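Asker: Anchor point for the sequence shown: position 20 equals 34 in this note's numbering, and the numbering is continuous, going up by one each time.
Treat the hints with care, since some could be wrong.
[As the list claims (entries may be wrong)] Quick list of simulated restraints, FRET-style, between CB atoms:
#1 S77 <-> S39: 29 to 35 angstroms
#2 S39 <-> T83: 22 to 28 angstroms
#3 G125 <-> N98: 20 to 26 angstroms
#4 Q17 <-> S132: 34 to 40 angstroms
#5 A42 <-> S132: 41 to 47 angstroms
#6 A28 <-> S118: 32 to 38 angstroms
#7 S132 <-> Q96: 19 to 25 angstroms
#8 S68 <-> G30: 28 to 34 angstroms
#9 G56 <-> V117: 27 to 33 angstroms
#10 D70 <-> G22: 18 to 24 angstroms
#11 E103 <-> A42: 34 to 40 angstroms
#12 T129 <-> E58: 33 to 39 angstroms
#13 G69 <-> S118: 14 to 20 angstroms
#14 G116 <-> E60: 19 to 25 angstroms
[Stated by the list, open to error] Once the Cα atoms are required to be at most 20 angstroms apart in a straight line, the calculated SDA-like pairs of lysine to any residue come out as:
#15 K71 <-> L25
#16 K90 <-> G30
#17 K90 <-> R114
#18 K90 <-> S68
It is worth saying that the hints were derived from the structure and are not from the lab. Quantities reported herein were computed from a predicted structural model and do not represent experimental measurements. In this text, a Cβ means the ideal position worked out from N, Cα and C, and glycines have one as well.
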Amino acid sequence: QVQLVESGGGLVQAGGSLRLSCAASGGAFRRYMAAWFRRAPGAEREFVAGIAWSGDKTNYADSVKGRFTISRDIAKNTFYLQMNSLNPEDTAVYYCAVGRLGVSYDYWGQGTQVTVSS
């Protein structure tokens, strides 16, 4: 059974940085895609950034381009979201997810709170 464990959320001032981690286990991820989503209070869940587990292709929501970077460490079965220049609009619960490449995100982490104070 695939399991995802997130870490790295917290409280940060506007302009600061955080790095989220998502450790994956229980699967062979070579043909998977990985992503970060977020849900702000009162809002729908939205896609933030995605990466193919094998290869370097990434994509980002327009709202985070140039500020957030998604990456993965294949040897550790872990992927990351480096978040820089954070602003209060980035406050949300962040979820990591993985799924078969080009199909769907089938597995989700428990979520980690990111709060950016002004």
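Asker: All hints, please: hold or fail.
Answerer: Hints, one by one, checked against the model:
1. Checked against the hint of 29 to 35 angstroms, the C-beta distance between S77 and S39 comes to roughly 30 angstroms, which is consistent with it.
2. Distance hint check for S39 and T83: the Cβ-Cβ separation is about 23 angstroms, which falls inside the suggested range of 22 to 28 angstroms.
3. Checked against the hint of 20 to 26 angstroms, the C-beta distance between G125 and N98 comes to roughly 21 angstroms, which is consistent with it.
4. Between Q17 and S132 the Cβ separation comes to about 35 angstroms, which falls inside the hinted range of 34 to 40 angstroms.
5. About 44 angstroms separates the C-beta atoms of A42 and S132, a value consistent with the hinted range of 41 to 47 angstroms.
6. With their beta carbons about 34 angstroms apart, A28 and S118 fall inside the hinted range of 32 to 38 angstroms.
7. The beta-carbon spacing between S132 and Q96, approximately 21 angstroms, falls within the hinted interval of 19 to 25 angstroms.
8. A beta carbon spacing of about 32 angstroms between S68 and G30 agrees with the range 28 to 34 angstroms that was offered as a hint.
9. Remark: the range hint 27 to 33 angstroms for G56 to V117 is upheld by a beta-carbon distance near 30 angstroms.
10. One distance hint, 18 to 24 angstroms for the beta-carbon pair D70 and G22, holds here, with the actual separation near 22 angstroms.
11. For E103 paired with A42, a C-beta distance near 37 angstroms keeps the hint of 34 to 40 angstroms intact.
12. Distance hint check: the CB atoms of T129 and E58 are about 19 angstroms apart, inconsistent with the given range 33 to 39 angstroms.
13. Taking 14 to 20 angstroms as the suggested C-beta distance range, the pair G69 and S118 conforms, at roughly 19 angstroms.
14. A hinted range of 19 to 25 angstroms holds for the C-beta pair G116 and E60, which are about 20 angstroms apart.
15. Between the alpha carbons of K71 and L25 the distance comes to roughly 30 angstroms, so the proposed pair goes past 20 angstroms and is violated.
16. A threshold of 20 angstroms between alpha carbons decides the hint, and for K90 with G30 the separation of about 26 angstroms lies outside it, so the pair is violated.
17. Distance check on the hinted pair: K90 and R114 sit about 19 angstroms apart at the alpha-carbon level, within 20 angstroms; holds.
18. Annotation: proposed proximity of K90 to S68 holds, straight-line Cα distance about 13 angstroms (limit 20 angstroms).
Of the numbered hints stated above, those contradicted by the structure are hints 12, 15, 16, listed in ascending order.
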